[in-house]
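Colleague: Let the hints inform the model, and build the full structure from the sequences given.
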Amino acid sequence: MTGTIIENLSGRKLAVLVTFLLLCQVTCFLIGGLVAPTPANAQNILATVCKDTTIMKNDTTKWFYNRGKGSCKTVHLGDMHTDLSETDVVFAFQMPVPRDDRILDFSRWQQNLIGVLQLDLKYHSQMEVKPRSTITIDARLAYKNKGDADEDWKLYTRSVEKRHLDCGIEVKTEEYLYNCSAIPLFELGSLHHDFYLLNIRLPVDTPDMNTNIGHIQDLWLTVINQNGGFTKVWLSLKTIFFPCIIAILAWFWNRIHMLQRKPVLLEKMLLSLGIALCFLNMPLEYLTLHFDLPFMLLLGDIKQGVFYAMLFSFWLVFAGEHMLIQDASAQSSLKQYWRHLSAVAMGCISLFIFDMCERGVQLRNPFYSIWVTDLGTNLALTFIILAGISTGVYFLFLCYMVWQVFINISQKRQSLPTMCSVRRLHYEGIIYRFNFLMLATLLCAALTVIGFILGQVAEGQWKWDETIEIEYASAFFTGVYGMWNIYIFALLVLYAPSHKRWPVSENTSDTQNLSEEIEFSPLPSERNSEISSLTSFIRKTTVD
Amino acid sequence: MYKFTLFTYYLIVYFASYFAIVSYLVEGSKPVLQGTVEALFVDRSQVIYPGACKVINSTARQLKICRKDPGLQIVLSTAKSQAIEACEQYFQYDRWNCSLVFNGKEKKSIFNKIYRETAFVHALVAASLSHAIAKGCASGDLYRCSCLRTRRKYNTTQLKSGRCGDDFKYAKRLVKNFLDVKQVSSDAVAEILKQDVLIGIDSIGEHLKEVCKCHGFSGSCTTKTCWKRLTPFSSVMGLLKKHYHHAIKKKIVTSPAKSPSPARIKIRLERERNKLIYVQRTPNLCVSTKGRVCKDRNNCATLCCGRGFTVSKKTISKRCRCKMENCCFVSCDMCVEEVDVFTCK
Numbered sequence: 001m002t003g004t005i006i007e008n009l010s011g012r013k014l015a016v017l018v019t020f021l022l023l024c025q026v027t028c029f030l031i032g033g034l035v036a037p038t039p040a041n042a043q044n045i046l047a048t049v050c051k052d053t054t055i056m057k058n059d060t061t062k063w064f065y066n067r068g069k070g071s072c073k074t075v076h077l078g079d080m081h082t083d084l085s086e087t088d089v090v091f092a093f094q095m096p097v098p099r100d101d102r103i104l105d106f107s108r109w110q111q112n113l114i115g116v117l118q119l120d121l122k123y124h125s126q127m128e129v130k131p132r133s134t135i136t137i138d139a140r141l142a143y144k145n146k147g148d149a150d151e152d153w154k155l156y157t158r159s160v161e162k163r164h165l166d167c168g169i170e171v172k173t174e175e176y177l178y179n180c181s182a183i184p185l186f187e188l189g190s191l192h193h194d195f196y197l198l199n200i201r202l203p204v205d206t207p208d209m210n211t212n213i214g215h216i217q218d219l220w221l222t223v224i225n226q227n228g229g230f231t232k233v234w235l236s237l238k239t240i241f242f243p244c245i246i247a248i249l250a251w252f253w254n255r256i257h258m259l260q261r262k263p264v265l266l267e268k269m270l271l272s273l274g275i276a277l278c279f280l281n282m283p284l285e286y287l288t289l290h291f292d293l294p295f296m297l298l299l300g301d302i303k304q305g306v307f308y309a310m311l312f313s314f315w316l317v318f319a320g321e322h323m324l325i326q327d328a329s330a331q332s333s334l335k336q337y338w339r340h341l342s343a344v345a346m347g348c349i350s351l352f353i354f355d356m357c358e359r360g361v362q363l364r365n366p367f368y369s370i371w372v373t374d375l376g377t378n379l380a381l382t383f384i385i386l387a388g389i390s391t392g393v394y395f396l397f398l399c400y401m402v403w404q405v406f407i408n409i410s411q412k413r414q415s416l417p418t419m420c421s422v423r424r425l426h427y428e429g430i431i432y433r434f435n436f437l438m439l440a441t442l443l444c445a446a447l448t449v450i451g452f453i454l455g456q457v458a459e460g461q462w463k464w465d466e467t468i469e470i471e472y473a474s475a476f477f478t479g480v481y482g483m484w485n486i487y488i489f490a491l492l493v494l495y496a497p498s499h500k501r502w503p504v505s506e507n508t509s510d511t512q513n514l515s516e517e518i519e520f521s522p523l524p525s526e527r528n529s530e531i532s533s534l535t536s537f538i539r540k541t542t543v544d
Numbered sequence: 001m002y003k004f005t006l007f008t009y010y011l012i013v014y015f016a017s018y019f020a021i022v023s024y025l026v027e028g029s030k031p032v033l034q035g036t037v038e039a040l041f042v043d044r045s046q047v048i049y050p051g052a053c054k055v056i057n058s059t060a061r062q063l064k065i066c067r068k069d070p071g072l073q074i075v076l077s078t079a080k081s082q083a084i085e086a087c088e089q090y091f092q093y094d095r096w097n098c099s100l101v102f103n104g105k106e107k108k109s110i111f112n113k114i115y116r117e118t119a120f121v122h123a124l125v126a127a128s129l130s131h132a133i134a135k136g137c138a139s140g141d142l143y144r145c146s147c148l149r150t151r152r153k154y155n156t157t158q159l160k161s162g163r164c165g166d167d168f169k170y171a172k173r174l175v176k177n178f179l180d181v182k183q184v185s186s187d188a189v190a191e192i193l194k195q196d197v198l199i200g201i202d203s204i205g206e207h208l209k210e211v212c213k214c215h216g217f218s219g220s221c222t223t224k225t226c227w228k229r230l231t232p233f234s235s236v237m238g239l240l241k242k243h244y245h246h247a248i249k250k251k252i253v254t255s256p257a258k259s260p261s262p263a264r265i266k267i268r269l270e271r272e273r274n275k276l277i278y279v280q281r282t283p284n285l286c287v288s289t290k291g292r293v294c295k296d297r298n299n300c301a302t303l304c305c306g307r308g309f310t311v312s313k314k315t316i317s318k319r320c321r322c323k324m325e326n327c328c329f330v331s332c333d334m335c336v337e338e339v340d341v342f343t344c345k
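Top to bottom, those sequences are chains A and B.
Following UniProt numbering, the residues of the first sequence are numbered contiguously, the last one being 544.
Following UniProt numbering, the residues of the second sequence are numbered contiguously, the last one being 345.
Take the hints with a grain of salt, since some may be wrong.
[Claimed, not checked] Derived BS3-like pairs (lysine-lysine); straight-line CA-CA distance at most 27 Å:
#: 1; chain 1: B; residue 1: Lys113; chain 2: A; residue 2: Lys172
#: 2; chain 1: B; residue 1: Lys30; chain 2: B; residue 2: Lys113
#: 3; chain 1: A; residue 1: Lys162; chain 2: B; residue 2: Lys213
#: 4; chain 1: B; residue 1: Lys213; chain 2: A; residue 2: Lys232
#: 5; chain 1: B; residue 1: Lys54; chain 2: A; residue 2: Lys73
The hints are simulated quantities; they were obtained by calculation from the structure and are not laboratory data.
Modeller: Here you go:
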């Protein structure tokens, strides 16, 4: 009879494999920490206040910018201007700002662009910012490419948006500043063009529009984009992992097809987990270097969501298949787990809906935010809370099942002394390795959580001494990404069916062992001789 | 020792000016740091000086810096007016009202010796300069702001990979460079002024506000990016004024035999790293506060030096019923109001 590879692997080989995988893991961590720069980069841009003297204010071919030929006439907001109305004032942000005496341009490696608006509001006793006041922003985004003329801006998108102002002030003294929280303004899923220009107006179309926003002193925009260097490292990792996982998947499936029986549930689950990982590993970012693909942010979320859903389902099934109390004759199927899996499905679907409502709509309007309207906020919160509850329920289920598995195993362990010594040693080894893998899973999960928490607490960089600097955030990403790849790689290798025959059950002269053999033979697991020996052992003892 | 270094300094300046085609000595006798701060603060005229810096009579070295970045002269003039305005506004009701001379005597300039006020002005001008430069970087007026990559391996071709966020670091470096902070640390006076300048620069750094944005998986905080945000200059003034009040007096032994070596001064200053240092006690300013207007009774008690004050009624027209108009401008009515005016006897 044959088992999975993990049961038949000698301790030495297992140690070699584990060491190799650990080395890979450390490499992944170090690549992120030493080679890659920070994952994202933020740049502060101060608004240039431009004077719009044109008569047609809705003209989207007229753009205001502060650098290059045809730059706008600037206005000082502090001075009194009786000749200007609100439509004549344009806040211009030309990005990126020049650095190191060079006019920079965005690179497609930078992937995405997120804009956050910050207001410097001065306190005036007669013009206090009322709580829960909203600001209405007429935002227009334009783009330009290298080689275009200075004034050759083309409209990318325009929208009139509302945002909540969340401002507080400690000392109410004239000229002091409000402490306002940053306002997320836009999210571009693709950074396809070289230069962008944001023109903001604060319209007063109705008498109460933009009246309670205090005295604007300065407007700042912070643009965040993925770091080009980080994308390169990330993409190289993906390019390496993708073929590796595909190869091991093919090998795994080939092994299963060499057997006479149909694949069991656990093997199907492993296969789909591998496919989900391949989906995640697919280096689609190469396409963004040539095509404008605004859906990449959304797709990234979906890819991760599918992977985590598969991983969570796999853990459930894995624990369930080792539950030891199920009906041994029935071929287990996914239907048995519908109650447990519905928690996963529920969580994923609610997160998906939330994502579609936020990032899905942003495909059409990058300035859209679900959090602006009360209805949207409630909707978003509902879905997030639903997802949270589902996750909680799922983990309760999972913990309960794992606990049961351990209880059953310890019960069965008591019957071990009645078996012959060779077989007992072997079974103990199997239990040990099962525990080992459970431990590995727990370790991976714990490392992810700890790494995440450390990342929240610590600053971006860790300095060990003057020469070695660890870019922690990047190391966390590449480390965690590498870890789950390696984890699934190990699962695929160790849970593939083994070709090795059991030496113990074939040639032994031990009479006690022989009697065990006879005891074993009428069991269904023996007839279906290729099932995992762990389960067969467990089922046997249940019959006992 | 002091005289000797000054001599070598003249020598260097002399040769530097000899080689530069257009070169102007700052005030003739003072080191660059002192000279530049004084030039920026004292000169209230709108004179445009020849050379790339325009706002001040600059040294060859400064001219070179200004020539490299044409935006710098605008930034300099912003920094200048910002410092003067803030000083006059925040010291309106203090005994020293940000005047350039003590008690109205032309000979008693605040720059003659290192008074508490001199120390403060150095900090103020340095703070204003770094603030204006950081702002210039953010608005794109300055072209040479550097990304200050932490690791050397990012060469220029990988420019887009490095971190480019922190404008203050660049501003700090440029101000130190412009004021020639490194060069002047050869005698006690220079060492003290250097510290005052550094405190001014760091006040801006202390007032940077960290803001974070989560943009990870589904907008969660799996990826979080934080950056430092520059606060308006007026919010730094409070801290600078606190430094002014907590400044420490240091004695400089002038006789050459006892004169402490720069190293020893450094060690002594180390203990008071975060305090403004001055050398000369400010003359009694009570003489000149006669006729000054004070804010309220409490303020008058200090400002009038116990001589008492008169209260008079006065009708003034004042801005009132202010409201924001057209999104961005304040429009106010003029109201005639009767107010109490406190004047020192």
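Colleague: With reference to the structure, classify each hint as holding or not holding.
Modeller: Outcome of the hint check:
1. Lys113(B) / Lys172(A): Violated. Lys113(B) to Lys172(A) sits at ~38 Å, over the 27 Å cutoff.
2. Lys30(B) / Lys113(B): holds, 12 Å
3. Lys162(A) / Lys213(B): It holds: about 19 Å lies between the C-alpha atoms, which stays within 27 Å.
4. Lys213(B) / Lys232(A): Status holds; Cα separation ~23 Å.
5. Lys54(B) / Lys73(A): Given pair Lys54(B), Lys73(A) holds - Cα atoms ~22 Å apart, limit 27 Å.
Consistency with the previously given hints fails for number 1 only.
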